[in-house]
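Work the whole structure out from these sequences, hints included.
Protein chains: 2
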Amino acid sequence: MLEGTSTYVNMVTVDVKQIDVCCAPVVASPLSDAEAEELAAAFKVLSDPVRLRLFSLIAADPEGEVCACEVVDVLDRSQPTISHHLKVLHEAGLLDREKRGTWVWYRAVPARLAGLREALSPPRRRR
Amino acid sequence: MLEGTSTYVNMVTVDVKQIDVCCAPVVASPLSDAEAEELAAAFKVLSDPVRLRLFSLIAADPEGEVCACEVVDVLDRSQPTISHHLKVLHEAGLLDREKRGTWVWYRAVPARLAGLREALSPPRRRR
DNA sequence: CTCTAACATCGACGTAGATCGATATATGAC
DNA sequence: GTCATATATCGATCTACGTCGATGTTAGAG
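Protein chains in written order, with this note's numbering: chain A, 1 to 127; chain B, 128 to 254.
Some clues are possibly wrong.
[Said to hold, decoys possible] List time: in silico DSBU-like cross-link candidates among lysine-lysine, alpha-carbon distance up to 30 angstroms:
1. Lys87(A) / Lys44(A)
2. Lys226(B) / Lys171(B)
3. Lys87(A) / Lys171(B)
4. Lys87(A) / Lys99(A)
5. Lys171(B) / Lys44(A)
6. Lys171(B) / Lys214(B)
7. Lys99(A) / Lys44(A)
8. Lys214(B) / Lys44(A)
9. Lys226(B) / Lys214(B)
These are computed hints drawn from the structure, not numbers from a lab.
Written out as structure tokens, the structure reads:
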């Protein structure tokens, strides 16, 4: 839900996937091919150090949001590279994006992170 | 600690690094360069669908351990490819490895998964 | 010893992706 | 309108890595 991508009719539409809780716990039962693809794609987004630092920078910010202009100079990468990584994080549902005038502000999406954490959760205790 | 890798003597052994809790929560404070590198490397291991299915297959097994010979035919990959992925998972500390005769048995390492889950945890509540 | 099966290693190939400079687009100031 | 700044897109380059066939290694059976 949310994030509607294309509305009702979506013919091909590779994604729609990423959204939401993402996946059942890896440890609970063997992942299907589709589940594995989806989860792997999510972790791939987190598998780059620059993206991790970008996300961390924004998620840990006391104001709760950060202007892109602030992070461009912090890490040792060019502006196009930073822009690229922010886009990847946004498309993965990890960052919310809001344009105000010339600037773009980013906020972390805690629910998305929680979804990934769920996938790493231990199985339900049996009694 | 734990995770002794090969028993006492292990000569070359590139790692030793990865071990343990891995990283402070991403959301708590901005990651350092080193922390980001380490965490990214960990997530990279989980960013391949075949590896995820392999790990899931083993972690979800009721016996708690799985022979490599059982998983070779399950996924649609060659034996060298499966062997490669099992090695990556083992070196990342996600799988324990025990050779018995001709066969090799793998077990999931829950603590390692918990470490990664920690890194995705929300920050401590303030009061 | 020979033979066979399980697993690992090697080398090569193909694709994905991180990076940058150049350039395009958008917004506000003047 | 012009100009400057913030951000996005494009195209090219370089490297990382998933994959496989061929081959090597180890272990048990006979």
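Hints, verified against the model:
1. The straight-line distance between the Cα atoms of Lys87(A) and Lys44(A) is roughly 14 angstroms, inside the 30 angstroms bound, and the hint therefore holds.
2. Of the pairs offered as hints, the one joining Lys226(B) and Lys171(B) holds, with about 26 angstroms between alpha carbons and a cut-off of 30 angstroms not exceeded.
3. Simply put, Lys87(A) and Lys171(B) have alpha-carbon atoms about 19 angstroms apart, close enough for the 30 angstroms limit, and the pair holds.
4. For a cut-off of 30 angstroms, the pair hint linking Lys87(A) to Lys99(A) stands: about 13 angstroms separates their Cα positions.
5. At most 30 angstroms may separate the alpha-carbon atoms for a hinted pair to count; Lys171(B) and Lys44(A) meet this at roughly 6 angstroms.
6. Taking the CA atoms of Lys171(B) and Lys214(B), the gap is about 14 angstroms. The hint holds against a cut of 30 angstroms.
7. With a C-alpha separation of about 26 angstroms, the suggested pair Lys99(A) and Lys44(A) falls inside the 30 angstroms cut-off, and the hint holds.
8. Proximity of Lys214(B) to Lys44(A) is assessed by CA-CA distance (about 19 angstroms); at most 30 angstroms being required, the pair is judged to hold.
9. Taking the CA atoms of Lys226(B) and Lys214(B), the gap is about 13 angstroms. The hint holds against a cut of 30 angstroms.
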